[in-house]
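**Q** Sequence:
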Amino acid sequence: MEVVYKEAQDTVYGILSATFEIESARLTPDTRLIEDLDLDSIDLVELAIQLQDSVTQSVEVEQVRQVKTVGDVIDMLVKYKQH
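Following the working numbering, the numbering of the sequence shown begins with -14 at its first residue and continues without gaps.
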């Protein structure tokens, strides 16, 4: 489980850094997507697309819109990777 979490964390941090030009030093599991990173609803759609590219199944935009923190995104990705 720890390895899967670390892989998911690396993926999420990489997506946020590359797609939204966010320094990885700003990212922790408690970092809030909207309040701390200034992501908006369009950014969340882009995040869902990028996450979908990292797994072999569809990632629902609505699920991404419900997450609040980077840690929530990591947990969601872990669930996708386990199925």
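Because the hints were derived from the structure by calculation, they are not lab data.
No experiment lies behind these values; they were computed from the predicted model shown.
C-beta atoms are modelled at their ideal positions from N, C-alpha and C, and glycine is treated no differently.
There may be inaccurate statements among the hints.
To be verified - No more than 20 Å apart at the CA atoms, straight line, and that leaves these computed lysine to any residue pairs for SDA-like: (1) Lys66 / Asp21; (2) Lys64 / Glu20; (3) Lys66 / Gln51; (4) Lys(-9) / Glu47.
Stated by the list, open to error - Restraint-style ranges between C-beta atoms, simulated for each label pair: (5) Ser26 / Lys(-9): 17 to 23 Å; (6) Ser26 / Val(-12): 16 to 22 Å; (7) His68 / Glu8: 28 to 34 Å; (8) Asp(-5) / His68: 15 to 21 Å; (9) Asp23 / Val(-11): 18 to 24 Å; (10) Ile27 / Lys(-9): 26 to 32 Å; (11) Gln67 / Asp23: 16 to 22 Å; (12) Glu(-13) / Ser26: 20 to 26 Å; (13) Lys(-9) / Thr41: 15 to 21 Å; (14) Gln42 / Tyr(-10): 27 to 33 Å; (15) Ile27 / Val(-12): 28 to 34 Å; (16) Ser9 / Asp38: 17 to 23 Å; (17) Arg11 / His68: 28 to 34 Å.
**Q** If a hint holds in the structure, say so; if it does not, say that too.
**A** Checked hints:
Note on Lys66 and Asp21: the hinted pairing is violated, with a Cα-Cα distance of about 26 Å set against a maximum of 20 Å. Among the hinted pairs, Lys64 with Glu20 is inconsistent with the structure: their alpha-carbon atoms are about 25 Å apart, more than 20 Å. A hinted pair counts as satisfied when its Cα atoms are at most 20 Å apart, and Lys66 with Gln51 qualifies at roughly 19 Å. Proximity of Lys(-9) to Glu47 is assessed by CA-CA distance (about 24 Å); at most 20 Å being required, the pair is judged violated.
In this structure the supplied range 17 to 23 Å is violated for Ser26 paired with Lys(-9), their Cβ-Cβ distance being about 29 Å. For Ser26 and Val(-12), the hinted distance range of 16 to 22 Å is not satisfied, since their beta carbons lie about 33 Å from each other. Remark: the range hint 28 to 34 Å for His68 to Glu8 is upheld by a beta-carbon distance near 32 Å. Taking the beta carbon of each, Asp(-5) and His68 are about 19 Å apart, inside 15 to 21 Å as hinted.
Taking the beta carbon of each, Asp23 and Val(-11) are about 29 Å apart, not inside 18 to 24 Å as hinted. For the hinted restraint 26 to 32 Å between Ile27 and Lys(-9), the CB-CB distance of approximately 29 Å keeps it satisfied. Between Gln67 and Asp23, the C-beta spacing of about 31 Å breaks the proposed range 16 to 22 Å. Against the hinted window of 20 to 26 Å, the Cβ-Cβ separation of Glu(-13) and Ser26 comes to about 33 Å, which falls outside the hint.
One distance hint, 15 to 21 Å for the beta-carbon pair Lys(-9) and Thr41, holds here, with the actual separation near 19 Å. The hint said 27 to 33 Å for the Cβ distance between Gln42 and Tyr(-10), and at roughly 19 Å that hint is violated. The given range of 28 to 34 Å is respected by Ile27 and Val(-12), whose C-beta atoms sit roughly 33 Å from each other. A C-beta distance of roughly 19 Å is found between Ser9 and Asp38, which places it inside the suggested range of 17 to 23 Å.
Between Arg11 and His68, the C-beta spacing of about 30 Å keeps the proposed range 28 to 34 Å intact.
In this structure, the earlier hints numbered 1, 2, 4, 5, 6, 9, 11, 12 and 14 are contradicted, and the remaining ones agree with it.
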